[in-house]
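Novice: The lines below spell out each chain.
Protein chains: 2
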Amino acid sequence: MAKTLEFFFDYASPYSYLACNQVEAVAQRTGAELRWRPFLLGAVFKATGNHTPTQVPQKGVYIAKDLQDWVRYLKLPTLVLPESFPINSLKANRVGLVAAEQGKVAAFSHAAYRAAFAEGKDLSDPKVLAEVARAVGLDPNKTLAHIENQEIKDALRRNTEEAVARGVFGAPTFFVGDNMFFGNDRLMFVEQALREA
Amino acid sequence: MAKTLEFFFDYASPYSYLACNQVEAVAQRTGAELRWRPFLLGAVFKATGNHTPTQVPQKGVYIAKDLQDWVRYLKLPTLVLPESFPINSLKANRVGLVAAEQGKVAAFSHAAYRAAFAEGKDLSDPKVLAEVARAVGLDPNKTLAHIENQEIKDALRRNTEEAVARGVFGAPTFFVGDNMFFGNDRLMFVEQALREA
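Those protein sequence lines, which keep their order, are chains A and B.
Letter by letter, the first sequence follows residues 1 to 197 of this note's numbering.
Letter by letter, the second sequence follows residues 1 to 197 of this note's numbering.
No lab work stands behind these hints, which were simulated from the structure alone.
Hints may be right or wrong, so weigh each one.
Stretches of chain A that chain B covers, calculated by requiring three or more beta carbons in the stretch to come under 8 Å of a beta carbon on chain B [as the list claims (entries may be wrong)]: (1) 49–62; (2) 184–192.
Keeping only pairs whose Cα atoms sit at most 25 Å apart, straight-line, the calculated DSS-like set for lysine-lysine is [to be verified]: (3) A:Lys75 x A:Lys91; (4) A:Lys46 x B:Lys65; (5) A:Lys46 x B:Lys46; (6) A:Lys65 x A:Lys104; (7) B:Lys46 x B:Lys3; (8) B:Lys91 x A:Lys65; (9) A:Lys75 x A:Lys65; (10) A:Lys104 x A:Lys91; (11) B:Lys91 x B:Lys127; (12) B:Lys65 x A:Lys3; (13) A:Lys127 x A:Lys153; (14) B:Lys104 x A:Lys65; (15) B:Lys104 x B:Lys153; (16) B:Lys127 x B:Lys153; (17) A:Lys142 x A:Lys91.
Owing to the predicted nature of the structure, the values given are computational and were not obtained by experimental measurement.
For glycine and all other residues, C-beta sits at the position ideal for the given N, C-alpha and C.
Put together the whole structure using the sequences plus the hints.
Specialist: And the structure:
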């Protein structure tokens, strides 16, 4: 049976951006199939009673610094928090699902995260989403129309509800079977679990 | 000037137990002086509005699993959460300060964490504290009398207030100068900062 690495993420989450830059290599090194599963982090915070990262002011200040420590550690070019942070990522997450239908979720995810966290663009703006979609070979008009379909809205809701039901309380979260790992900083455990799967 | 690694911790914190098992090696590899700074994590949670780890039920469940992942990763013998968890660590933290006065804080910390998180003993019990104190060469009666002195109570309060003033919101937290790092899982950044200090 093929090993699967499930990656629950939200385009609003800068730690998911960090994970997005590592997770394919983990899957590749372990021969796992990577499943990109966009979900709505805000709804997860609400369902679990978890804080958003900026709700505790001291944590918000630290996170901004911590993200820069990670950028350096992972040798990423940059990480900016867009002016629109926290981002309303509802539409972006839905586009992620459309991209997945068309086999372009990896490319779209990299491009969307780059737009948000390297270029500081506002992913809640349909014009920005159209631009990112176009850049990875998705038809921008069709894509933006498609995300208004109930089927896509329901798919995002299902991912979110499934995540909460499986114990998720933040992003990024990974699953190797039923074994859950929270955070970009647990990828060494994810990799180990995949090696043993 | 000597490099200093400040280690803010609480004997109630299992992640601080994990850090306690790594932090001396980090200091040694980087030639840094390690300052053990017990503080009262509960007061920090209160002052910052941060959740305690068990306040979000899904997080509590995950943390229990995550700690076991860490035990395996760090090759520790075991980690149990005592029946008395979350532990009332007020007295233990004060004994930590007494131990520091006598140059025995490292030995006491290892022994106290082992009692709590390897043997499941209740660190709020003066008999347990006396036993741990004795095992590391502290006079148990004098130690338990000393922690009732205002000077020790104030010292713990000062550590706690200083931590909050410097941006701390949880444990363990490390400082290299003004550079703050939160969590056992950031020791690679701590080590890097010390190498560059």
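Novice: Taking the hints in turn, state whether each one holds.
Specialist: Hints, verified against the model:
no. : hint                : in the structure
1   : 49–62               : holds (count 10)
2   : 184–192             : holds (count 5)
3   : A:Lys75 x A:Lys91   : violated (29 Å)
4   : A:Lys46 x B:Lys65   : holds (23 Å)
5   : A:Lys46 x B:Lys46   : holds (21 Å)
6   : A:Lys65 x A:Lys104  : violated (32 Å)
7   : B:Lys46 x B:Lys3    : violated (31 Å)
8   : B:Lys91 x A:Lys65   : violated (33 Å)
9   : A:Lys75 x A:Lys65   : holds (15 Å)
10  : A:Lys104 x A:Lys91  : holds (16 Å)
11  : B:Lys91 x B:Lys127  : holds (11 Å)
12  : B:Lys65 x A:Lys3    : holds (21 Å)
13  : A:Lys127 x A:Lys153 : holds (20 Å)
14  : B:Lys104 x A:Lys65  : violated (34 Å)
15  : B:Lys104 x B:Lys153 : holds (18 Å)
16  : B:Lys127 x B:Lys153 : holds (20 Å)
17  : A:Lys142 x A:Lys91  : holds (14 Å)
Checked against the numbered hints listed earlier, the structure breaks hints 3, 6, 7, 8 and 14; every other hint is satisfied.
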